[in-house]
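Student: Given next are the chains, with one letter for each unit.
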Amino acid sequence: MNDQEHTKTGAWALNALDADEREQMRRYLAEDPEAASEARAFEETAGELAGSLPPLAPPPQLKAAVMARVATTRQLSPLPEEEPEPADSSEPAEHPDPTEPVISLDRYRASVRRSRWTTVAAAALLLTTLAGVGLWNSERAAQQEMEATLAAMESQQAAAQQEREMLSGILAADDSAHLAVPVADGGSLELMYSREQQAMIVQPAGLEALPAGRAYQLWMIEGDDITSAGMLEDSESPMMHSGAIPQDVTIGLTIEPAGGSEQPTMEPIGAGVLS
Amino acid sequence: MTPDPTPLEPERPPPGRAGPRPPHEDPSRGEPGLRAMPSPSDGPAELLAHTALGDEDAFSRLYDETAPQLFALIRRVVRDVSMSEEVLQEVYVEVWRQATRFDARRGSARGWLCTIAHRRAVDTVRSSEAARRRDSEDGLLTLEQQVVDVQEEGIMRVESGRVHSAMKALTTAQSEAIRLAYFGGYTHREVAALLDIPVGTAKTRIRDGMIVLRDRLGVTS
Numbered sequence: 012m013n014d015q016e017h018t019k020t021g022a023w024a025l026n027a028l029d030a031d032e033r034e035q036m037r038r039y040l041a042e043d044p045e046a047a048s049e050a051r052a053f054e055e056t057a058g059e060l061a062g063s064l065p066p067l068a069p070p071p072q073l074k075a076a077v078m079a080r081v082a083t084t085r086q087l088s089p090l091p092e093e094e095p096e097p098a099d100s101s102e103p104a105e106h107p108d109p110t111e112p113v114i115s116l117d118r119y120r121a122s123v124r125r126s127r128w129t130t131v132a133a134a135a136l137l138l139t140t141l142a143g144v145g146l147w148n149s150e151r152a153a154q155q156e157m158e159a160t161l162a163a164m165e166s167q168q169a170a171a172q173q174e175r176e177m178l179s180g181i182l183a184a185d186d187s188a189h190l191a192v193p194v195a196d197g198g199s200l201e202l203m204y205s206r207e208q209q210a211m212i213v214q215p216a217g218l219e220a221l222p223a224g225r226a227y228q229l230w231m232i233e234g235d236d237i238t239s240a241g242m243l244e245d246s247e248s249p250m251m252h253s254g255a256i257p258q259d260v261t262i263g264l265t266i267e268p269a270g271g272s273e274q275p276t277m278e279p280i281g282a283g284v285l286s
Numbered sequence: 026m027t028p029d030p031t032p033l034e035p036e037r038p039p040p041g042r043a044g045p046r047p048p049h050e051d052p053s054r055g056e057p058g059l060r061a062m063p064s065p066s067d068g069p070a071e072l073l074a075h076t077a078l079g080d081e082d083a084f085s086r087l088y089d090e091t092a093p094q095l096f097a098l099i100r101r102v103v104r105d106v107s108m109s110e111e112v113l114q115e116v117y118v119e120v121w122r123q124a125t126r127f128d129a130r131r132g133s134a135r136g137w138l139c140t141i142a143h144r145r146a147v148d149t150v151r152s153s154e155a156a157r158r159r160d161s162e163d164g165l166l167t168l169e170q171q172v173v174d175v176q177e178e179g180i181m182r183v184e185s186g187r188v189h190s191a192m193k194a195l196t197t198a199q200s201e202a203i204r205l206a207y208f209g210g211y212t213h214r215e216v217a218a219l220l221d222i223p224v225g226t227a228k229t230r231i232r233d234g235m236i237v238l239r240d241r242l243g244v245t246s
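Just so you know, the sequences run in chain order A and B.
With the working numbering, you'll find the first sequence wraps up at 286, consecutive numbering, no jumps.
With the working numbering, you'll find the second sequence wraps up at 246, consecutive numbering, no jumps.
In case anyone wonders, no lab produced these hints; they're calculated from the structure.
Keep in mind that a hint or two might mislead.
Some but not every residue of chain B turned toward chain A, in silico, with C-beta under 8 Å [to be verified]:
| id | residue |
| --- | --- |
| 1 | E81 |
| 2 | R86 |
| 3 | R101 |
| 4 | R104 |
| 5 | A129 |
| 6 | S133 |
| 7 | C139 |
| 8 | A206 |
| 9 | I222 |
| 10 | T226 |
| 11 | T229 |
Where a beta carbon is used, it is the ideal one built from N, C-alpha and C, also for glycine.
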């Protein structure tokens, strides 16, 4: 037994440990059944202390609020029945964990989505900036060329700005949706779109780099009606598409000659339905 | 305040060990579909077991029976009325969510509920305290004033018979440390700073005191 940790059982049961120590203690208790059982008895004891306070009725409308929330909150799945070992050993796993905030599934998903796409946006911004710096360095020559470079940087920054605006437009929309489309040759496309905003951002992930002269092209497919949704600049950069997104349209990815085709020249190597 | 909180089992037997248990108490046993409806005499453990099956009526009764006690605890730690009300809500949503994880073999329902409520109350205090300290220069002064409150009120309010006599078995130093930690919501480091003692001493005082209380109150694990 670890004395240093073991003496913290009292503070643990009274929730008097800092977040770090609490985590450390949780791990310790998982391994020391004796300390875990002491900690549990202390928690019961603390409950007795709480029970000594004169009861205080909460305002009645609180209950209505709780019941309303409960009606829309899913309960956790039960933990699997324990192994037939002493019941003590897995205490911390079953320890109620109120530090974990209650977040509705939708909000959770939305937040995951948001953070993922913010990362995409940040990455896109960084890429365009790096491209600009690259251009800057390669142009040491004439004033004219330098001006051209500046113009290119500006236009790229304008594009990044536009990208950001589109992204925040999509994120803010009530109907923003996300779809991951696996690609047959490896990798995937992450689609974020909003019909309301008539906007879609496509972020390729792990696509094969294509030989010169070939390029990825996206299509909107509605039965026989196929229209180009744009070219991917390369296998990594995000692409923006604005325009109406029909209900249940299929987004398909093909490899076309650089510059793109009028109609796809192959079956899509990846496709997903925007429902 | 609403005058008459549901009386809480006036002669409360030690939680979780109140005589023979009805056969349907253990949530891991039996066929949920065949389970009897909760009966009017069910205690928190039974109500919690029914709550685990998604029974909102059982949960509603569990709330009625336990909310005044948990609210008293939360108010005691958090103090701010509207903040306490918010914490109480969060606690019961948490109880609903986690009811499926409650295991009557590991401890009493009341202990489980108090643990959830206390932890949530303490987390709230600590995060708002941290925010306040960042905002105000005189955070420490406020902290000191609170300590005086806690000490005075602790003495006045911890008066339920059994607990009161158990508390009397503690040394003053022990009961001070325990009260500050549990009712004051301070970390053992803060307790040490407030009492001007080394952290290790605070830690041992708390544990030694808890051992005395546990034995006096007849809590076994």
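Student: Next, verify each hint and record whether it holds.
Tutor: Structure-based check of each hint:
With a cut of 8 Å, the hint placing B/E81 at the interface with chain A holds, because the nearest CB-to-CB distance is about 6 Å. Hint status for B/R86 relative to chain A: violated, with the closest Cβ pair at about 11 Å, above 8 Å. The beta carbon of B/R101 is positioned within 8 Å of a beta carbon in chain A (closest approach about 6 Å), and the interface hint is therefore held. Interface hint status for B/R104: violated, as the beta-carbon distance to the closest one in chain A is roughly 12 Å, over 8 Å.
Violation of the interface hint for B/A129 is found here, the shortest Cβ-Cβ separation to chain A being roughly 11 Å, above the 8 Å cut-off. A least Cβ separation of about 6 Å between B/S133 and chain A falls short of the 8 Å threshold, and the interface hint therefore holds. Because the closest C-beta pair between B/C139 and chain A is about 4 Å apart, less than 8 Å, the hint holds. Hint status for B/A206: holds, given a least beta-carbon distance of 4 Å to chain A, under 8 Å.
Checking B/I222 against chain A by beta carbon gives a least distance of about 14 Å; that is not within 8 Å, so the hint is violated. Interface hint at B/T226: violated, since its Cβ lies 11 Å from the closest Cβ of chain A, which is beyond the 8 Å cut-off. At a threshold of 8 Å, the smallest CB-CB gap from B/T229 to chain A is about 6 Å, leaving the interface hint in force.
Hints 2, 4, 5, 9, 10, counting from the list given before, are not met by this structure.
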